[in-house]
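S.K.: Residue-level listing of the chains:
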Amino acid sequence: MITFINPTTFHRIFTLIKKELLLLWQDKQTRIILIIPVIIQVVLFPFAATLNVNNATIAVFRQTVDQPTTDIIARLAHVNNFSHVLVLDSQQAVEDAINQQKALVVVQFPADFSRKLLTGQSPQLQIILDGRKSNSSQIAANYVQQVITQYQHDFLREQPNYQSNNQKPNLNNTPNNTQNGDQNSTPNSNQNSLYNPIYNSSPNNNQLVIRHWFNANLDYQYFVLPSLVALITTIGVMIVTSLSVAREREQGTLDQLRVSPLTTLQIFIGKAIPAIIVATLQSTIVLIAGILFYQIPFQGSLIVYYLCIISYGLSLIGFGLFISALCSTQQQAFIAIIVFMVPAVLLSGYISPVENMPRVLQYLTEINPVRHFTEITKQIYLKGADFTIIWHSLWKLYAITLFMGSFAYYLFKKLI
Amino acid sequence: MTFSFARTLTLCRKESKLILRDPSSLLIAVIIPLLLLFIFGYGINLDSNKLRIGVLVEQQSQPANAFLHVLNGSPYIEPIIGSHRAELVQKLNRSEIRGIVVIPVNFAQQFATQHATIQLITDGSEPNIANFVQAYMSAIWQIWLQQQNEDTLTTPPTGIQTELRYWFNSAAISQYFILPGAITIIMTVIGSILTSLVIAREWESGTMEALLSTPMTKLELLLSKLLPYYLLGLIALVICFIITVFIMHVPFRGSLLLLLLTSSLFLFTVLGLGLLISTLTRNQFNAAMIALNVAFLPSVMLSGFVFEVDSMPLLVRLATYIIPARYYVNIMQTLFLAGDIGSVLMINVLFLVIFMVLLLTITIKKTRLQLD
Amino acid sequence: MNQIILHHIEKQFGQDTLAIKPLSLTINSDGVTGLVGPDGAGKTTLLRMMDGLLSPTQGNMTVAGLNPLDDRASLRAILGYMPQKFSLYENLTVAENLNLFADLRQIHGQTRQDRFDKLLAFTDLARFTDRLAGKLSGGMKQKLGLACTLLGNPQVLLLDEPGVGVDPISRQELWKMVHSLANEGMLIIWSTSYLDEAEQCQDILLLNQGELIFRGKPTHLTQRVEGRVYALKSTYSHRQLLLDALKLPAISDGVIEGNDIRLILKPEQPIEPVIAALPSHDITATPTQGRFEDAFIDLLGGIKQKQSVLTQIMPTFNGSPNDIVIEAKGLTRTFGTFTATDHVNFSVKRGEIFGLLGPNGAGKSTTFKMMCGLLSISAGQALVLGLDLKKSAAQVRQKLGYMAQRFSLYDKLTVQQNLAFFSGIYGLMGRQQKARSQEMISAFNFQSILDKTPAELPLGFKQRLALACALMHNPEIVFLDEPTSGVDPITRREFWIHINSLVSKGVTVMVTTHFMDEAEYCDRIALVNRGKLIALGSPNELKQKVGENATMEQTFIQLVLDSESKMTA
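Chains as they are written, first to last, in my numbering: chain V, 1 to 416; chain U, 1 to 372; chain E, 1 to 569.
No wet-lab data here; the hints were simulated from the structure.
As the structure is a computational prediction, the values presented were derived from the model and not from experiment.
Take these hints with a grain of salt, some might be off.
DSBU-like cross-link-like pairs, simulated, lysine-lysine; straight-line CA separation at most 30 Å [what the hints assert, rightly or not]:
| no. | chain 1 | residue 1 | chain 2 | residue 2 |
| --- | --- | --- | --- | --- |
| 1 | E | LYS390 | V | LYS18 |
| 2 | V | LYS396 | V | LYS413 |
| 3 | E | LYS217 | E | LYS304 |
| 4 | V | LYS28 | E | LYS452 |
| 5 | V | LYS414 | E | LYS118 |
| 6 | E | LYS390 | V | LYS413 |
| 7 | E | LYS452 | V | LYS414 |
| 8 | V | LYS18 | E | LYS391 |
| 9 | E | LYS21 | U | LYS366 |
| 10 | U | LYS365 | V | LYS28 |
| 11 | V | LYS28 | U | LYS91 |
| 12 | E | LYS329 | V | LYS413 |
| 13 | E | LYS329 | V | LYS414 |
| 14 | E | LYS532 | V | LYS413 |
| 15 | V | LYS413 | E | LYS452 |
| 16 | E | LYS135 | V | LYS413 |
| 17 | V | LYS18 | E | LYS21 |
| 18 | V | LYS413 | E | LYS505 |
Label-pair restraints from in silico Cβ distances [said to hold, decoys possible]:
| no. | chain 1 | residue 1 | chain 2 | residue 2 | range |
| --- | --- | --- | --- | --- | --- |
| 19 | U | LEU9 | E | ASP39 | 38 to 44 Å |
| 20 | E | SER137 | V | GLN26 | 36 to 42 Å |
| 21 | V | VAL360 | U | SER343 | 39 to 45 Å |
| 22 | V | ASN80 | U | GLU96 | 29 to 35 Å |
| 23 | V | ILE285 | U | ASP372 | 37 to 43 Å |
| 24 | U | LEU9 | V | ILE285 | 50 to 56 Å |
| 25 | E | SER376 | U | HIS249 | 28 to 34 Å |
| 26 | U | HIS249 | E | SER137 | 39 to 45 Å |
| 27 | U | SER343 | V | GLN295 | 37 to 43 Å |
| 28 | E | SER180 | U | ARG282 | 34 to 40 Å |
| 29 | U | GLU78 | E | SER376 | 51 to 57 Å |
Cβ atoms here follow ideal geometry from the backbone N, Cα and C, with glycine treated the same way.
Turn these sequences into a full structure, and let the hints guide you.
M.R.: Okay, structure coming up:
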């Protein structure tokens, strides 16, 4: 280890790193592999990977044409998330609309709906949803319910016999008792949607005031972009480490390195640092796209963020070099990368939150570096979290680095 | 040159032996599908079952306690009582809780004048969860209001009762639609990635040159590559079907014949894609990378398997039309959950047929029995 | 009688690469026709056109009266083609491979059984029918490939370098098989870059850069150098003698053969002035038989680079020639139950060229890899400068140079970047690194190709670059793993001139090879078979064991066969 300070050692490692970066840059094939997925993902994912409901078609079926149902339909048509309102004329049409996926949601007014409403009874309203898309339809139903609640509120207030304790309903009543000084940076009360943040759920002025912190409009892109940094860093590190070792093995240059005075540790470091450099550059592309193009404000400290990216890269090095120690061809390495990456990404909280997984899986994800970084990246990017919060996940990355790193180093020394 | 059935059979047998003897094809054809099904069946769950919500009661009172009582009774919420706001905010930042409910100091007085305000803060960094928090909390709020009204015997509620009915999936379980979609991904992996690797390997190792020096015809070559992998895909389909229906208990309401027919269509489409990629690249590594970017990623992102196609912006939505997986995902979700709905299946089948014919035609055109 | 007739055949790849220049000729089924030429001469392209795998850019040809492109179906029935790369399914057994190709050629029933029996006996593969093709040795793979090709009982047989990577024994067997087929009237074309194989052919087509430069019997070519070849004996260092001789303008070419040297004079040059010009006084020169390779090199204009600049840029390593610098003590390596190297002992002295020879799969590369620290040792010791390389400190490895079989350079780095990299990892930096790179660049004439990548360079350049990279740090020991495989004879000779001058500076060289003429350059040879060391000594000593006038190839074959019978006895 003392030789580390030795300028020759330093120069040797520098030579290795320079070689690796030149190889990555000069080889058209590798260049494409490193750049194309980044572009596809940055362009496509933020738009495609959304669990929001937009452009959805809502269908309505009423047996009597009257004022209350017309009002409700008009209000539904105003919801931004629904692009089309389909008016149906028969029970059969309702069935077809759902079966044939013409609509995600059908709101069905019974014949006595308006009569009951006007006579002060509780009318029934059926919301039929396409269970093939239970997640989207659930969210859509949510929007419908908000509309109904709001309508009911307004409807009752307009009734002549309605005795209210307060004459002036205050739609934009913002309570003053919940703001905290250090949360000023959090985007809040961006209430541009008529129906979104406020529930007035009874004919009085009791209120449930809802604020979405860190992402006032629950915009999915806020979620995707920081997660993309994690995804792309992962691909970068895995490809550079695993594939480059396999390629050197296939071409015989690895033997050249092994007969040279380089130590295994130097070769190890010579593979690790370029991978981290590449991954950092790739994530910078995503970061720039996120901030400038997608206009998602970066809340935390860039220095801490880069520190975390590098730490994350380090934790992946162990996995990458572990694969490369075991695989003798590029094809094997490629398949091994898929076998590692697909589960690691799927179980990282990127597609669905870790807390929804069964307990056993949740424990298992503790050794998944992608999971910890997925948490960190959102905490810094969106929540502006400070170091004490980050540290909670960061130390686990270091633990993984230490464990997998030494394990891979052991295998590397033994098998290479 | 005349087509020989016996020769085709020989080539298919050879291909099958090679599949069985190569650990990496077994890895792709068996291990990855099982892993994916397991992950999608157990690991990916879009329905939040029990959300941890921080609760801050700034002052104890009867209405506040009543609200807490309703919260505690909810099957969807796990209240975490906090004593300081800062503490809960910290937890929210750490993603330990997904929302904060604040019951203010003067809540009892506010309620007395019908001006009660409860604040709900959600964690917007997880939009899907935030949506659920919002929905669950609104429901709880409604229940609480109703209870309070009954207790105090003030204005009786004349609320519109909404009744949610999820057709095909009454409990709104996300696995029901994710698992049929996951089968699509598995078929794509086998059809495109595996095939493109295997054929490119024949070019690389020089065995293709030896085959080309025999009386083998173009049709025989293509069939020998299509049929074994088609069979492999069908085996994977059966495994997936058994796991999905009998272990994960996803209902299957369509007909098995239609499942077989549509799956065959899709398999030939992706096999055509895999063949085309490997014929054009003749290099394993490039073939795998192209297959990953052209077949695998789009089938995950743009097929509507998790992410709703309709919710995407127009340009992206248009792009999904050229992704064969999109049609198959729709077919699978319909067959599993809704049954044989003619009009839905028809249009999707039509598109799949177009893609299959197109891809296979180009592949036949591009396949040459010569090296240059 | 079958014929292949080429009429103004021409093949162009891309814009300006002319792989085959216009060629017209007729090949008859009259013994084996050798398609000979250096790497990149166009041999494979020509064979592929005859098989219909490539279409000619210009001209037309008929193979047994058929057009390879238009009559593909009929041609397949009478033609067998064995591609250069091993082209059997490694995951199928010998029997399964045979069955596959029999089915593809639609051979059934009794005919099929008869042919299987005949071919398995012919190739001596009957014992291995259940073995996976991937587990066969190189020689057996080639025999199986030939068997699969012969299944259809072809009238025309095209073989693309069937002898590459095959040891002399297997090669001899292959030739026997082919000769007996040729006697039955089959038209056979055998392409090769081993020029000793060419002597076995009835008819030679010598290609160079896509051009036919000789057509005829091998003896006709050899006649070119008749009376110009001399064997020189002397007590003087044979290596130095060769280096000195090559400097003389009258010399076209020269090689080492055991303790002697062979010189080929330029036309019309007498031998006497040459002997007079050499520094030694006890030289006896005897005229000797010219070889095909001598004639080949002479035809291509003799060797160009007759002196190695390495003499000027490598330091001299002083030290007693009795120092033992490389030593194997009871060296053993097992893979599972298989012993690849079995208690091998030898030692190499300073300034020696030490050769490791043996048939395919005999364990020579396992031994070689253990010696240079690439493979761990099961038992015994592999010492270099008294230390085990696998465990030893970097300081020892600093003194080694290593050149891998396929000239393992970074294909995507330019020549300049490769030089910078290899000097960098050996600890050269700053001005020293620049100066050393510059020396290598001018020594090997890399100036014009500095910005090219090895992938774009001819094999000869790659080989020189690999050598330069291995010598950047002035190693005192150099390991060479099949350093000349696939390289044409001229480049191979030039390479050995470099190695000779390295040795003259006191560098120790350890080398593995399949070329018997390269074995002649070694001071001592270790011959391994089935993991055991079966013979050790100078080339002359080994030849003596077999017979007075034995060639190196005869010696090799005899010694290996002797050990086989001893081991099985």
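S.K.: Checked against the structure, which of the hints given earlier come out wrong?
M.R.: 5, 7, 11, 15, 17, 18, 25, 26
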